[in-house]
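There are 2 protein chains.
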Amino acid sequence: MRIEGISHAALEVTEAGVVRVLDQTLLPHQVVWRELAAARDAENAIREMWVRGAPLIGVTAAFGVALAMRVDASDASLQAVCSRLLATRPTAVNLAWALGQMTQALRTLSEPSRAVAALTLAKGLAAADVAVNHAIGAAGLPVLKAIHDRKGRVDILTHCNAGWLATVDRGTATAPIYAARDAGLQVHVWVDETRPRNQGASLTAWELGQEGIAHTLIVDNAGGLLMQQGKVDLVIVGADRVTAGGDVCNKIGTYLKALAARDNGLPFYVAAPRSSIDREIQDALCIPIEERSPREVTHVQGLDADGILRQVQVTPHGTRVHNPGFDLTPARLITALITEHGLIPATSKHIEDIFKEAHNYA
Amino acid sequence: MRIEGISHAALEVTEAGVVRVLDQTLLPHQVVWRELAAARDAENAIREMWVRGAPLIGVTAAFGVALAMRVDASDASLQAVCSRLLATRPTAVNLAWALGQMTQALRTLSEPSRAVAALTLAKGLAAADVAVNHAIGAAGLPVLKAIHDRKGRVDILTHCNAGWLATVDRGTATAPIYAARDAGLQVHVWVDETRPRNQGASLTAWELGQEGIAHTLIVDNAGGLLMQQGKVDLVIVGADRVTAGGDVCNKIGTYLKALAARDNGLPFYVAAPRSSIDREIQDALCIPIEERSPREVTHVQGLDADGILRQVQVTPHGTRVHNPGFDLTPARLITALITEHGLIPATSKHIEDIFKEAHNYA
Chain B
8 MRIEGISHAA
18 LEVTEAGVVR
28 VLDQTLLPHQ
38 VVWRELAAAR
48 DAENAIREMW
58 VRGAPLIGVT
68 AAFGVALAMR
78 VDASDASLQA
88 VCSRLLATRP
98 TAVNLAWALG
108 QMTQALRTLS
118 EPSRAVAALT
128 LAKGLAAADV
138 AVNHAIGAAG
148 LPVLKAIHDR
158 KGRVDILTHC
168 NAGWLATVDR
178 GTATAPIYAA
188 RDAGLQVHVW
198 VDETRPRNQG
208 ASLTAWELGQ
218 EGIAHTLIVD
228 NAGGLLMQQG
238 KVDLVIVGAD
248 RVTAGGDVCN
258 KIGTYLKALA
268 ARDNGLPFYV
278 AAPRSSIDRE
288 IQDALCIPIE
298 ERSPREVTHV
308 QGLDADGILR
318 QVQVTPHGTR
328 VHNPGFDLTP
338 ARLITALITE
348 HGLIPATSKH
358 IEDIFKEAHN
368 YA
Chain Z
8 MRIEGISHAA
18 LEVTEAGVVR
28 VLDQTLLPHQ
38 VVWRELAAAR
48 DAENAIREMW
58 VRGAPLIGVT
68 AAFGVALAMR
78 VDASDASLQA
88 VCSRLLATRP
98 TAVNLAWALG
108 QMTQALRTLS
118 EPSRAVAALT
128 LAKGLAAADV
138 AVNHAIGAAG
148 LPVLKAIHDR
158 KGRVDILTHC
168 NAGWLATVDR
178 GTATAPIYAA
188 RDAGLQVHVW
198 VDETRPRNQG
208 ASLTAWELGQ
218 EGIAHTLIVD
228 NAGGLLMQQG
238 KVDLVIVGAD
248 RVTAGGDVCN
258 KIGTYLKALA
268 ARDNGLPFYV
278 AAPRSSIDRE
288 IQDALCIPIE
298 ERSPREVTHV
308 QGLDADGILR
318 QVQVTPHGTR
328 VHNPGFDLTP
338 ARLITALITE
348 HGLIPATSKH
358 IEDIFKEAHN
368 YA
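Just so you know, the protein sequences line up as chains B and Z, in that order.
Counting along the first sequence from 1, when you hit position 289 you're at 296 in this note's numbering, and nothing is skipped either side.
Counting along the second sequence from 1, when you hit position 278 you're at 285 in this note's numbering, and nothing is skipped either side.
Just so you know, the hints here were simulated from the structure itself, not pulled from any lab data.
Mixed in with the good hints, there may be bad ones.
Taking CB as the label site, the calculated pair distances span [said to hold, decoys possible]:
#1 Arg54(Z) / Gln289(B): 52 to 60 Å
#2 Asp313(Z) / Glu11(B): 50 to 58 Å
#3 Glu55(Z) / Ile315(B): 54 to 62 Å
From the structure, some residues in chain Z lie toward chain B, with a derived Cβ separation under 10 Å [what the hints assert, rightly or not]:
#4 Ser84
#5 Thr115
#6 Val198
#7 Trp213
#8 Ala221
#9 Leu266
#10 Ala267
#11 Ile288
#12 Gln289
#13 Ala291
#14 Leu292
#15 Asp311
#16 Ala343
All C-beta atoms in this analysis are idealised placements derived from N, C-alpha and C, irrespective of residue type, glycine included.
In isolation and in its complexed conformation, chain B is listed as follows:
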């Protein structure tokens, strides 16, 4: 996608083999690329949230493995880097999935061939992510087109950032939106600011702005009213982990929007690649919910009047905070999953079926 009109991906590999990521903690105020020179940099990039978003976390971890293989391609090294990377963030299952893909492939290779193979594999996962997201876009497009045919425009509400910044490119929840734009439909996006980290206000608003897609920022509290007032046609969000039964773990606050959509008779879609599905987990309440720093709630980062990036404290000193990063949206509230294998109902049968399909983007 575009930054100031120039094509970029959220993770790029230069011709010289340098891996770099956009530091998303500084957006929308500063565009800073950070080189991942070693596995530790990849770990740090995920932990410090230079990169975030389930698919991008997975791909970044794959490059972390590749970087480790350059230094030490032993089984011990492979196991160590995977376990360190796995510990960076607990909720998104794409991390475990990508590490599983890398381990499975590399284990069978001789040590000397692992470094080159690992880089090729990681690049493959990155390319597959982009292909998957285009397929998600194609799968979701008819939904938007049907609404557009009826009313001449589509108003989509989205939560957090499941945009191209959450993936290598194109995004998951945004993929149908970009596909609709490319198809000439008039789209408008209601962007939840997504407290506490404001990924909507700082990332989704920024990427949609860069792509010239009409959007309006709202606080997370406002979506329900907009639905009551008939200003929303549908909701599309991403996912950090989908259970075998179709329950969805996604950014905190997603569940509330699903409830509001249901109460107002509006469709609620979850756009996610197959790699976000965790077939091992039946009960969504068993998904580990990351508890993040209180400072994300007590302090807010932004530009002051002099254009300096600062954090300000909103709360009384010493206020106790609970800051869970994700919540659970039961399958019963989900109209369909938008996957690279098409639109599927959020049921265990339909989910199981897509794992039987021969076509595998990775």
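Since the structure of chain B is already known, use the hints to place chain Z on it.
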């Protein structure tokens, strides 16, 4: 209630007749009292949100009328000040109610007697507000006590600030909580931060802290997950306007918490005085929803590392914002209204009944 251990009300009248209010735009960082010397100061206090909260807006407006009567007690002056005060904020009906009470009483008096009478009336409305809130506390206490008897503690979720800062004293949604504390129950409050103005983070957390009541701040997105995890026993919120049929207009985001409470089988209470009921309005969608400044969403105010109060910009430059201040919670989602006339179902019949009651706190 207490500030640094000293008893205060959100609006105070000194023995010398000076009216002053706590400037709530500076909380929790600075405790600054502002004198209301003229009617324009009262208008300004409401418009700039030094005072906010439906009951406190009403009482402040009453003092605004009293201040106008000191200067010019004519019918024209009375009408003019009421119409200016009415225009300060559109949603809370207590404003119109208080102005109605003042006008009705003053119109029948001779001009020379109006100034003294108006001050007495305004003081009477302030005193009645406190009495009403104590009655709301008493009405809500058995609900909390029943939960406490069962599990040895009560976890209440509240949204925005319907605390003593939203009234003259004691609060509406907080009144049962303070009553429970006074009765020796172990209470803990989940405080929604309440974007965009953060009244939960800056006001509710502060006032509960000053009162020594256990509380934990969460982002507005988190309440649904906490309910899913069984960490919330009930929700209590305030109201800016209640329709004849029991629908509730309250701070944006209230509706989402009501939906989550319903989905998790939890009781959802609205604490509000009779003066928040608008018997003229049948359809909640007809209540004027205040559209507030985009800056409330794009910028956040807080203390920087040097202890200086600053605003920082979170969003990309030029981001379009929609900032409605209130939403609508249908009566069907409300377990009961907690009023000074007791706990009543949110139905037109029960609402009509309390207007037939002889006892009138004002």
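Outcome of the hint check:
1. A hinted range of 52 to 60 Å for the beta carbons of Arg54(Z) and Gln289(B) is consistent with their spacing of about 54 Å.
2. Take Asp313(Z) and Glu11(B): their Cβ atoms lie about 34 Å apart, and the range 50 to 58 Å is violated.
3. Checked against the hint of 54 to 62 Å, the pair Glu55(Z) and Ile315(B) fails, with Cβ atoms roughly 27 Å apart.
4. Interface hint at Ser84(Z): violated, since its Cβ lies 38 Å from the closest Cβ of chain B, which is beyond the 10 Å cut-off.
5. At its closest, the beta carbon of Thr115(Z) sits 41 Å from a beta carbon of chain B; the interface hint therefore is violated under the 10 Å criterion.
6. Because the smallest distance between the Cβ of Val198(Z) and any Cβ of chain B comes to about 8 Å, under 10 Å, the interface hint for this residue holds.
7. With a least beta-carbon distance of about 5 Å to chain B, the hint placing Trp213(Z) at the interface is held under the 10 Å criterion.
8. Taking 10 Å as the C-beta contact cut-off toward chain B, the hint placing Ala221(Z) at the interface holds, the least distance being around 8 Å.
9. For Leu266(Z), the interface hint holds, since its Cβ comes within 10 Å of a Cβ in chain B; the closest pair sits about 4 Å apart.
10. For Ala267(Z), the suggested interface contact is upheld, since its CB lies about 6 Å from the closest CB of chain B, less than 10 Å.
11. The interface hint given for Ile288(Z) is violated, since its Cβ lies 15 Å from the closest Cβ of chain B, which is over the 10 Å cut-off.
12. This hint is violated: Gln289(Z) has a C-beta 16 Å from the nearest C-beta of chain B, more than the 10 Å allowed.
13. Hint status for Ala291(Z): holds, given a least beta-carbon distance of 9 Å to chain B, under 10 Å.
14. Residue-level restraint check for Leu292(Z) holds (minimum Cβ-Cβ distance to chain B is 7 Å; threshold 10 Å).
15. With a least beta-carbon distance of about 5 Å to chain B, the hint placing Asp311(Z) at the interface is held under the 10 Å criterion.
16. Because the closest C-beta pair between Ala343(Z) and chain B is about 20 Å apart, greater than 10 Å, the hint is violated.
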